[in-house]
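Residue numbers (this note's numbering), protein chains in the order written: chain A, 1 to 409; chain B, 1 to 409.
A couple of the hints might just be wrong.
What the hints assert, rightly or not - Away from chain A, derived, C-beta distances all over 10 Å, residues of chain B:
id: 1; residue: G3
id: 2; residue: D32
id: 3; residue: M132
id: 4; residue: I140
id: 5; residue: D164
id: 6; residue: K178
id: 7; residue: T268
id: 8; residue: R378
id: 9; residue: G384
id: 10; residue: I388
id: 11; residue: D395
To be verified - In the PhoX-like style, the derived pairs of lysine-lysine whose C-alpha atoms are separated by at most 25 Å in a straight line are:
id: 12; chain 1: A; residue 1: K25; chain 2: A; residue 2: K373
id: 13; chain 1: A; residue 1: K210; chain 2: A; residue 2: K142
id: 14; chain 1: B; residue 1: K382; chain 2: A; residue 2: K382
id: 15; chain 1: A; residue 1: K316; chain 2: A; residue 2: K25
id: 16; chain 1: A; residue 1: K25; chain 2: B; residue 2: K373
id: 17; chain 1: A; residue 1: K382; chain 2: B; residue 2: K178
id: 18; chain 1: A; residue 1: K25; chain 2: B; residue 2: K382
id: 19; chain 1: A; residue 1: K373; chain 2: B; residue 2: K373
id: 20; chain 1: A; residue 1: K382; chain 2: B; residue 2: K196
id: 21; chain 1: B; residue 1: K243; chain 2: B; residue 2: K406
id: 22; chain 1: A; residue 1: K210; chain 2: A; residue 2: K91
id: 23; chain 1: A; residue 1: K373; chain 2: B; residue 2: K382
id: 24; chain 1: A; residue 1: K196; chain 2: A; residue 2: K142
What the hints contain is simulated information worked out from the structure, not anything from laboratory work.
Even for Gly, the Cβ is constructed at its ideal location relative to N, Cα and C.
Protein chains: 2
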Amino acid sequence: MMGTKGLLLIFDGMGDRPVPELGEKTPLEAADSPNLDRAASDGVNGIMDPIAPGVRPGSDTSHLAYIGLDPYRVYSGRGPIEAAGIGLDVKPGDIAFRCNFSTVDEDMVVTDRRAGRIVEGTDQLARLLDGMEIEGVKVILKESVAHRGALILRGEGLNADVSDVDPHEEGRPLHWAKALDSGSEKTARVLNELVKISHEKFSEHELNEKRAEEGLPPANVLLPRGAGKLSQVRTFEERYGIKGAAIAEVGLIYGVASIGGLDIIRVTGSTGGLDTDAMEMIKAAIRATEDHEFVMMNIKGCDIAGHDGDAEAKVKMVEKIDRAVGYLLSHSTDDMYVVLTADHSTPVSIMNHSGDPVPVCMLGRGVRVDDVKEYGERSCSKGGLGRIRGSDLMDILLDLMDRAEKFGA
Amino acid sequence: MMGTKGLLLIFDGMGDRPVPELGEKTPLEAADSPNLDRAASDGVNGIMDPIAPGVRPGSDTSHLAYIGLDPYRVYSGRGPIEAAGIGLDVKPGDIAFRCNFSTVDEDMVVTDRRAGRIVEGTDQLARLLDGMEIEGVKVILKESVAHRGALILRGEGLNADVSDVDPHEEGRPLHWAKALDSGSEKTARVLNELVKISHEKFSEHELNEKRAEEGLPPANVLLPRGAGKLSQVRTFEERYGIKGAAIAEVGLIYGVASIGGLDIIRVTGSTGGLDTDAMEMIKAAIRATEDHEFVMMNIKGCDIAGHDGDAEAKVKMVEKIDRAVGYLLSHSTDDMYVVLTADHSTPVSIMNHSGDPVPVCMLGRGVRVDDVKEYGERSCSKGGLGRIRGSDLMDILLDLMDRAEKFGA
């Protein structure tokens, strides 16, 4: 018996705007979702600005806010989150980058940013550089899916204000990193030296000989981008005195979870796509509460449908989620608090994230049940929570869980 | 084709409180305003605290907040805004003052703060001082309407923490400026020297000989007040990547607009009074969207009726505005987003600004239309926007216009 549990279910990009083809309903409003509506009926509801009204959140910044970290302080670029997301142990002070294994010609013009969408062998290339030292700075490099990887520079005198080496477009020369402030000059120098070495070592590696024989472009350079420096962050347990876990589908969310000090749980059948097994994920989340007081879960599908501008697919994804929520409602325990929300809106009309607020429903013993009967963007706006912010979420949940500290006497 | 447009219509002081003589309705609720109600029906509505709940806004501070500037950072006194409002080019670091051309007797006692409400000739007096240097500080002085003017001190080593020279009451001696912090000592010294010189030069000017002949009090001294230092502010275009314009009726709003980097558009027939031609102003605002993505407009009348405590006049002004809004609704385009709001409440019972929130309605493609059917202080409080702040306005509008930047990935 561990006392109260908190389960934060985040439906990525679920929020939307009225869609003409759905009769001016949002996909969430149009979906047949009796379980989500039952949750709204049994809970207290509201709308939430993940960051602030009108601000378009990334999934990374909103998740940081939800687990009680200030994204304006903690977030300084995507690098550290990507690096943490593929399992690298990012430490405060580290300068981290996303990077591609790419193809350049003899003039260092980038001819293929993805090296022919290389699938295998990047682990061998990463090992050529991983662990080396340049000017006393340790290089940590790990491959990720396909042509992707993450790089960490660890050492004294580094800052993250450097330009991307990746030119972001093919047919353009590689951009040597430039320091954008005086504290980042060493970073730029070490980074450029590393890129030079990557070109030398990758070019002569047997993997590229083999690729040449097969008529494939060589993965002959490392192209870093998205420099960021990790701030000092106390672990989740240090901050709240409870253990937390995360279940997700994509590296970005695992990266946030890892930086935030949550245990990482992976679920078979979670694909990150519309075909994901939401039911298995919900079951795993319930199991995770056995040894964690807090579990955050991200289901990605709605966001993908939103980016695709596919209202129909988004409705179907909501309905899949609804069935999993139905399982949760009939298996939740008396000491469990459940939050149902999204990390941002991804309107099918915009095909990108928007700053519209997201619905939020909180369920559990003692919540001030309001008269909202449907879980939707507009119905929840009439609920008892009013309009809150992502940075409020953890405090409200901990308070419901009776695990909040009193401020004052 | 420039893509989406945003039109921010600000009805100065429109918000109010229930008025017994109007059957406990506010003037806005009591008015016959079918077009404002149609806007509410077609839009998403809420209430807004221009600065923060309960804070009584000036028109300057609320307009600053609405165009995305933090009034607590940018606003340090009315001087810079007045100076910008009459067309002076206020630069970051300038110390600016409002000032009166006034009358003092031989003991420097202020006998008439408005020099007999002088109408003509202050331009000649201003030219006597404009351009001179004191301790290396450049003096910029320009007359405004009647006895009013604006003064800028430009140079090194100046700060704005100085007391007013204007005693704010007649029959009291002129107050020599005092530095209120150590950084403002030079400002106080230069200012006092300038006031002395103004007295000498104005006294012997032929304008005052002529006024003496006509039995009018001389404009024989400059009385500065409201010192403020302009902060570094990036232009509207630098901040948002779009061009903005402002249409207003009074210098104070034009001053904010100018500091905020909006183009200034003046409309014939806009009087700043209850007799203003609101229809012409709306038409000018629509025309301004042809070469500006953002247009802010301020119509002053309701505020005047509020300060006068005249509920009847306020109702009539709302009805005049309603007809102009009707024209706008039937002439707005598909790519236009319209915001209808006020800069503060000016309750007829208070005859001054109050900290009550103001109604806000947002209209345009894709907004989450709610079930509010009337544009009023209380009806809008039930809308889908909930309760927002003036500092949120620009972010929400830019998000609707699909011109917001994503924070994160």
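Here's how the hints hold up against the structure:
1. G3: holds, 13 Å
2. D32: holds, 28 Å
3. M132: About 42 Å separates M132 of chain B from the closest Cβ of chain A, which puts it past 10 Å; holds.
4. I140: Fine: 36 Å to the nearest Cβ keeps I140 of chain B off the interface.
5. D164: holds, 37 Å
6. K178: holds, 40 Å
7. T268: holds, 35 Å
8. R378: holds, 15 Å
9. G384: The claim is violated: G384 of chain B sits with its nearest Cβ about 5 Å from chain A, within 10 Å.
10. I388: violated, 5 Å
11. D395: violated, 3 Å
12. A:K25 x A:K373: holds, 16 Å
13. A:K210 x A:K142: Since the Cα atoms of K210 of chain A and K142 of chain A sit roughly 22 Å apart, the hinted pair holds (cutoff 25 Å).
14. B:K382 x A:K382: holds, 8 Å
15. A:K316 x A:K25: holds, 14 Å
16. A:K25 x B:K373: holds, 18 Å
17. A:K382 x B:K178: Violated, at about 54 Å.
18. A:K25 x B:K382: holds, 20 Å
19. A:K373 x B:K373: holds, 22 Å
20. A:K382 x B:K196: violated, 63 Å
21. B:K243 x B:K406: holds, 20 Å
22. A:K210 x A:K91: violated, 37 Å
23. A:K373 x B:K382: Given pair K373 of chain A, K382 of chain B holds - Cα atoms ~17 Å apart, limit 25 Å.
24. A:K196 x A:K142: Distance of about 18 Å is within 25 Å: holds.
Hints 9, 10, 11, 17, 20 and 22 from the list above are not met by this structure, while the remaining hints are.
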